Every structure is written in structure tokens, then in C-alpha cells.
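Colleague: The numbering of the sequence shown is the working numbering, which starts it at 1 and goes up by one.
Hints were generated in silico from the structure; no laboratory data involved.
Any given hint might turn out to be false.
To be verified - With a Cα cut of at most 25 Å, we get these calculated PhoX-like pairs of lysine-lysine:
{"id": "1", "residue 1": "Lys846", "residue 2": "Lys902"}
{"id": "2", "residue 1": "Lys809", "residue 2": "Lys667"}
{"id": "3", "residue 1": "Lys669", "residue 2": "Lys809"}
{"id": "4", "residue 1": "Lys814", "residue 2": "Lys669"}
{"id": "5", "residue 1": "Lys419", "residue 2": "Lys191"}
{"id": "6", "residue 1": "Lys667", "residue 2": "Lys814"}
{"id": "7", "residue 1": "Lys568", "residue 2": "Lys678"}
{"id": "8", "residue 1": "Lys948", "residue 2": "Lys191"}
{"id": "9", "residue 1": "Lys543", "residue 2": "Lys667"}
{"id": "10", "residue 1": "Lys948", "residue 2": "Lys231"}
{"id": "11", "residue 1": "Lys902", "residue 2": "Lys892"}
{"id": "12", "residue 1": "Lys846", "residue 2": "Lys892"}
{"id": "13", "residue 1": "Lys892", "residue 2": "Lys948"}
{"id": "14", "residue 1": "Lys231", "residue 2": "Lys410"}
{"id": "15", "residue 1": "Lys902", "residue 2": "Lys191"}
Unchecked claim - Label-pair ranges, simulated between beta-carbon atoms:
{"id": "16", "residue 1": "Ile751", "residue 2": "Gln718", "range": "21 to 31 Å"}
{"id": "17", "residue 1": "Ile786", "residue 2": "Gly265", "range": "48 to 58 Å"}
{"id": "18", "residue 1": "Ala455", "residue 2": "Pro382", "range": "26 to 36 Å"}
{"id": "19", "residue 1": "Ser736", "residue 2": "Gln650", "range": "17 to 27 Å"}
{"id": "20", "residue 1": "Ala631", "residue 2": "Asn369", "range": "19 to 29 Å"}
{"id": "21", "residue 1": "Pro752", "residue 2": "Leu505", "range": "51 to 61 Å"}
{"id": "22", "residue 1": "Gln650", "residue 2": "Asp320", "range": "38 to 48 Å"}
Quick caveat: nothing in here was measured; it's all calculated off a predicted structure.
Even glycine gets a Cβ: it sits at the ideal position worked out from N, Cα and C.
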Amino acid sequence: MDINRRILSSGVAILAIVASSPILAQTKSMNTSIGTNKQLNDGSDDEQANPQDIIVTGTSIRGVGSVGSPVISLGRETLSEAVRSSPVDILRQLPAVSNLGFDDTPRTTNNGNVQRGRTINLRGIGAGATLLLIDGNRIAPTGNVVSFVDADQLPTAALERIEVVAEGASAIYGSDAVAGVVNYIPRRNFKGIEVSGRTSFTDGYSEWGGSLVAGHNWGSGSIVVAYDYNKRTEMREGESRFLRQDLTPFGGLDGRVDGNSASLGVPGSIVVARTTSQGNNPTYPTAGLFNYYTPVVGRDGRLTYAELTLNRANLVDASDYNTYLPANERHQVSVSLRQEVTSWLTASVLAFYNWKHSQLNIFPSANVNFTPGSAFYVSGIPGVSATANERVVFSFAKDIGTTLRNQYNKQWQVIGNLKANLPAGWIGQLNFNDSRNINCALCVDANSGNVDRTALQAAVTAGTYNPLSPTPASAAVLSTFMPAAYDRNRSNLREYALRFDGPLLTLPGGQMKAAVGATYMEIDQFRTAMGQGSRDVAGVYAKRNVRAAYGELSVPLIGEDFTLPAVKSLLVNIALRTERYSDFGTTTNPKVGVNWDVVEGLRLRGSWSRSFRAPNLIEIGPQFFTNITVANQANAAGDPTIPINVGNNQTTVVRVTGGNASLSPEKAKTLTFGFDFKPVDLPGLNISSTYYDISYSGQIITLQGPSTQFLSNATNRQIYADYIVAASQPSNCLPSDQSTWAQIYRDTFAIPTSSGGNIDVSNICNAKAVIYGRNTNASSVRQRGIDVQASYGWEAAGSEWRIDISGTKIISNKLQVVPGGAVLDALDVMNQPVSFRGIAGFSWSKGPIMLRPSLNVVGSYRNDLPITINGVVQPINRVPSWTTVDLVGVLKIGEMLDLVNKVDLTVNVRNLLDRDPPVVISTNSGYAFDNQNANPFGRIVSLQLTTKF
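All chains should be built: construct the whole structure from the sequences, respecting the hints.
Modeller: Structure below.
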């Protein structure tokens, strides 16, 4: 693109001109006392780097650190001791990181995370509100009907550290930095070769892998190459009693039978409604008003009523077939290269490639109808009239075993940088970032369980496939209704950035510094999904470009040669960024931060910022995912403009769900203040605390679920009025002729949809309203809380000792789903943040041995989504807190045996005491625990052997 070449050539020209011309006034160098305020900054390859050359996450200015808020840094030792290939597993142990969000286990809140990607969710206010960066650069998103950045980008072996800023940072980075920023910093100055092998195991699965890191420094440049391989076995739900369908041992329901649906082996059953006078099924209480008729063992072909048994279904537990944790295999490689081209110009390149293949199994349940007169229709069943269809529930287990889904994800990225040392201590940087993702969120081979329901019904009616036969069907028969299917997606992100930073002038308190810059970014996404019937999407595409300009100013008002009583230093940081989006307009976001050093060892700090999240291309693009249906909906709204059918108290409506081209950015304001205490008289003690207040409005949510209740009462009719349009059809309306429909229905069906031409419009002329359950800027959240970190290290008896404590206490989390709706106390309840998370650790080391036990606490909350048993809603109950103990041990074998090379053995045991998760029986999932606040894995033992030479 011409504009890209212009930016590139202009940037190089500016760097060259500035480097050769004294256009900036000379100022003396600054030796600032403002640090980077990090925690857990351990074992870094960059320990010898000049602090004045480091740009910490949360600022664009070298050497000033983060102003107004702390930066949490997880260093090399912490990453290594975790014995985890994925940094996500390490980050989710931070109290400020919520487990709400996408994961590689099934969750009801995933809303389309078919490929089981993983995200980081700071504060629990939404994974999309946390910006993930690699060395300060954005990453191309993944997804199919939901777009997100997968946090499994680089292996821990390739990382120098991970920096986390848990506050709004759109003034620095732009969109998505609402709750904060997570920045993966790669290893750059590593010298030598490091080889690691690791394994993890628990009752449900095992995992193994290894990494190789090689680095060399030749004075004017350096290179670091890292490779990581990881493989994990599958864990099926049946491996844990907390994941089984039959939850009666926990006081729950037997999920193997649910009304007229069931998990059945061979053969299946004909399901027939019972009369009200007969009451619920006495054999299967969860079947309610339905009976199950099952063929006697060994019968095949056409059946008679005499060959059926009543309520002796071949029940199986689908958990024995369903994947909980997919089997996966992953290869990751990264290269970091730096070279001084001249005395004033340095070039660097960071490139990585990530390939992952996952497999998961699903119980292949299905249902069809035996129509009167068809090949397998059974006459004479009580309660079935001679003209009625018979519902048949069965599974394809005898034919294919399980439905097998393959998922592929490829991500690669190249980041190029030119850094010029300019006069007067300034530095100019020209940066290029090209990031790409290709994935198949759902790839199913032919005859592997992807069912064309229409073709299946035709095969049953024609007599070519018998769902009640114990004999496996031939591949030829299965091929008539089990086509291959795929959902392939591609996204590309290209970004060009130009930045200058350096000192402006000398103030009594020190040097004023500034940073200015501009970026241009293009992002596009493509999706094609075939073989899924009404959900087919044939090659949809969207793109946008973003132009941004920003500036940041660091002003030391007091410090160095100018101090006041109780004011050792006072540093103010001001940042402003404006961005123009090609598809919805301009947004400008400021940030102000203050550091006030009262005396040596005591700092008070605070910040105020405005941030935003732009709707992604899938949220704003109806073509990626939109469904339009004509449906009958319960109507007790009492609105005469939306009349009901008096026969069933329902109204025919047209319901629209999915993307929405009218979305606008989400907006947030964040206020923080806190302190850092490092007493001079007690070295080794560090105490920090931060109070935060986030007001987050216009959050994009889907109203797909609530839309079915828009007309359930007069209150809902009023609350959701903006999403309901009353409209009757003209008297000459014909379902087959859109020109005879009311204009609003013609306009609605003109929206590109995932349903294509497969929408049933036979009842369209009875429609009385359009119900919009699309993505919309409706929700608002205000969260207030406190973060606390404390540590104390000392030496005694020839050993090193250390205590670390950190925790997050959310004081309040108020949620309003739609404007005008009730303001909910969305804290310590299901699907919302838990008010307290904490971790406390104690470490001891002496010579080659280190031991560190730690205590992890997830606070108590309420199960406000109880199940119903025998028509009785169970009481809301309190879920107890979940406390687990972890243990890390490191044995430095090389040091102990006086070997030339480093050889370390690391043992990491999570949930050392094998504590079960708290029992939670809710409508949120079919499990006996809450997988957003606990896990069913039990004790996980990980071992790693590392050598360096």
C-alpha cells in the first residue's frame, strides 16, 4: 500500500536527518531516582541493562518507570520454577487475574470459543478489556464467531519476563487497555545454550515437553533462538466424578435423561409423551412427562410394539465420551536478533511461529422422527396416534464411536525496529509489526460425526439408515448424511510506528522528558465455514485501518537539587493519544499520573485515565455471525401494538442475533491511588497497596439469551424497548414474496446472515414485531477494589528467607445489563468476580537447595443459580472458599556436585494436599463444581531438568 511505503520512507528520512543535524538543544544527562517499581523481578538476563534505556510497560518514555501505578514483573526465575510451557498458567495465579474468560476447557461463558483458546482477564470485567502485547506490539486476533487474542503466543522458555499493569492505559497503547496491559518481554541478552525437559501428571491427563534456548553476543549484536515443544494427553469428563452427567451422588440431577432427550447407547429409544394424569416418569424422574420405549436386545430391522420394553433405556454417561481437556501438540519457535549498524543506528528483529493441533471428542447423540408409513415406524405404541410422528433418541456410538473434532491454529509475527541515537539524548525508533493468524476452529472429516439433519431424516424415512439397529452402518450409508465440515478463519495485522523520546529541559526537580509518536495500523479478518447446514458462511471479509498520534510528558516538579519538607520528589506524567478508525470515527484518551516521594522509602502515587475498547471486526460485522429466525415467543407484556395468539399466549416475532454494524467503542474511566513503603531501617521489607475505581460503560454484550424474555412482562417490555420494534404485516402478505412484506421485515432479511437462504419463513406473515438480540453497547460496570503486595526477605543461620503475600479485595462490583435496568450487586455470585483472591508464600534457600510452599485462596461466594428438583427450586447456598497449597523445590545439582555446567532440577506441585473443589450444583453447567473458580484436576506434579552450558 502507498501509505505504508510513505510512512516507511519518511521515517527513515527523519531518522537520518535528525541524526546528522543539531536540531535539538543539548541538555545535561539525568540520573533520576524514579525506579521501575517492580515486584518479583528475579533472575533476569537483562540485569546489567542500563535502567535509563528501559521502557517499562505503561509508558513510552525511557528511564522514568511507571508513574502513578505499579508494574508487576514476573522474572526469569519465577517463569522457570512454574514448570509450565504456557505463561497463561502462571499469570492466572496472580490475584488480580480472574479465571472468567476463554479457556481450553468447556465453559458456558465462552460464547463461541470453539477452538478452546485462552485469554487473560484482569479484574474480571472482560477478557477483551485486557490488552496483550509482545514486546509492546499488538498481536493478530484469532476466533470464528468471537474474536480474541490467544494468550498462548510465546513459551515461557523464550520470555525474559512478563509485565502487568492493572489499570487503564489507552493513552499509551490505544484500544483494549481498559483493565490493563500484559506485556511479554522476550529474552535478548542470553548467552550460551539452555536445554530443558519437563513432565506433568495428574489423575486425568499427562503432559511433557522440552525447550532449547541458544544465544550469542558478539559485542555489536546478539541473537537468541528459542524452541519449545509440548504435548498433552486428552482428559475426558468421565475421569473426574465432578464432571459426570449423573450428579446424584452430590445431590444433583441425573443428567443422562432430560425430558425427551437422553444419552443412550445401543439401541436407542422411542420417546413418547405421558399424559398429565399419569404424572412424571417413575423410573427416570428427570424424564418428566415422557416414557422411553427400547427394543429388546438383539432385534434389528422393523420392530413391533411387542418387541419394545418400557423405561429400560440403555443409558450411558456421556462424560465417558466427551473431552474436558483436549489432547494437543504444540511447536513454538522464536528468534530475537539485534545488530548495531553504525555508531548511532541499531536494527533489531523479533520473529516467532506458533503451531498447535488439538483434538476433542463429543458424544454423538442425535434424534429423528419415524413418520407414519415410513420404513421403521412402530405401530400401536400407547399415546401415539396413527398420524403422529414418533421421536427417536439414539447415538452414533455404534457407527463412529465419538464425534472427532480437529482444531488447528497457526500464528506468526515479525517485528522489525530501527533505533537511532539522536543529538541531545533523544532516540528515534521506526517500528514495523506484521502479525497473522490462521485457524480451523472446527475441522471434522466425513463420516466423523458432523450430521446434516435434513439428510439424516431423509435416510431414516427412506429406510437406508435404522437408528435403532445394533448393527453399525456402512461408510457408504454414513456418507449420505455425515459430510466433512470446517470453519476456517484468517486475520492479519500490520502496524507501522514512529516514535521519538528524550529530555526536553532541566527543571529544579530534574530533567523533563517527552515522547511523541504516530502509528498506522491495518487489520482484516476472513471467515469461511462449510458443511454445517444453516450455519454455512461462504467467504466473508472485513477490514479497518487506524491512524493514531500520541504524546507523553514526564515533569519532575520537585527532586534532586530542589526538595521541600515531606516532599523528597514529585513527578507528574501526562499522556494523550488520539485514534481515528476508518469504520466508526475518532476517540481521544488522556492519562495523568503522579509519584510523590514523601521521604526516602515512602512513595504516594495516583493516576486518572480514560480508556476504551473498539468493537472488533466480528462484533461489528453481521456477515461473520448473524442469525435471523421466525419464532413464537411468550408474550405477557400487555402491549396492544404487539398482539398475542389467544390460543397459546404467544406472539410470532422475527428475532435477529449476532453482529451489529452500529456498535460504538466501550468507554472507561479509572482512578487509582496507593503507596509503596520500603523502610530504610528495615531493608528487605516492601509493602505496596493500590485502591482502584473503574467505571466501564457501553460494554458490548449479546442479547441473544435475554431476547427470548423481552415480552415476558410489562417491565421487560419497557426495559428492552430500544430492542423491540412492533410491526404487523399487510393483509396481502405472502411468505414466498418479500415484496408483500412490511418494509421492516424486508430490511431485516436484507442483512447478511450466517443462515443464508435456509431460514424458514412459512410463518412470517403472522409476525408482529422484530426482536433485536444482537451485540449492543448496553452494559455498564463500576468496580472498586484494593490490591496489596507485601514481602520481606532476610538472611539468618546461613540461609536466605523470604515471605511474599499478595491479594486483591474487590469492594464493590455494580452491574447494569441495559440502560434503565436494575443495578445488580454483581459480586460473589455465579459468573461474576469473587471479591477476594490471595496468595501467601514462604521460601527458604541454602546453598543449592530452595523450597517455597505457598497458600492460594479463592474466597467464598453464593450459588445464586440453583437447580430445580422435582419442580422445587433449591435454595441459594454459599460456596465455601477454596484453599490449596503449592510447593516449589529447586535442587541445583551442578552447584552441589561442583559441575562445570548448570544443572537444575525443579519440582512444582500444585494442590499438594489434593483438595477437591467446592461442590457447586447450578444451572450454569452440568458439572458438580464451578470451573470459573476451581478445577477438578487434583494434585498436579511437574518436574523439570534444566542444563546450561
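Colleague: All hints, please: hold or fail.
Modeller: Outcome of the hint check:
no. : hint                         : verdict
1   : Lys846 to Lys902             : holds, 17 Å
2   : Lys809 to Lys667             : holds, 24 Å
3   : Lys669 to Lys809             : holds, 20 Å
4   : Lys814 to Lys669             : holds, 15 Å
5   : Lys419 to Lys191             : holds, 23 Å
6   : Lys667 to Lys814             : holds, 16 Å
7   : Lys568 to Lys678             : holds, 14 Å
8   : Lys948 to Lys191             : holds, 10 Å
9   : Lys543 to Lys667             : holds, 22 Å
10  : Lys948 to Lys231             : holds, 23 Å
11  : Lys902 to Lys892             : holds, 7 Å
12  : Lys846 to Lys892             : holds, 11 Å
13  : Lys892 to Lys948             : holds, 12 Å
14  : Lys231 to Lys410             : holds, 16 Å
15  : Lys902 to Lys191             : holds, 13 Å
16  : Ile751 to Gln718: 21 to 31 Å : holds, 26 Å
17  : Ile786 to Gly265: 48 to 58 Å : holds, 54 Å
18  : Ala455 to Pro382: 26 to 36 Å : holds, 32 Å
19  : Ser736 to Gln650: 17 to 27 Å : holds, 24 Å
20  : Ala631 to Asn369: 19 to 29 Å : holds, 20 Å
21  : Pro752 to Leu505: 51 to 61 Å : holds, 56 Å
22  : Gln650 to Asp320: 38 to 48 Å : holds, 39 Å
Hint check: no violations occur; every hint is consistent with the structure.
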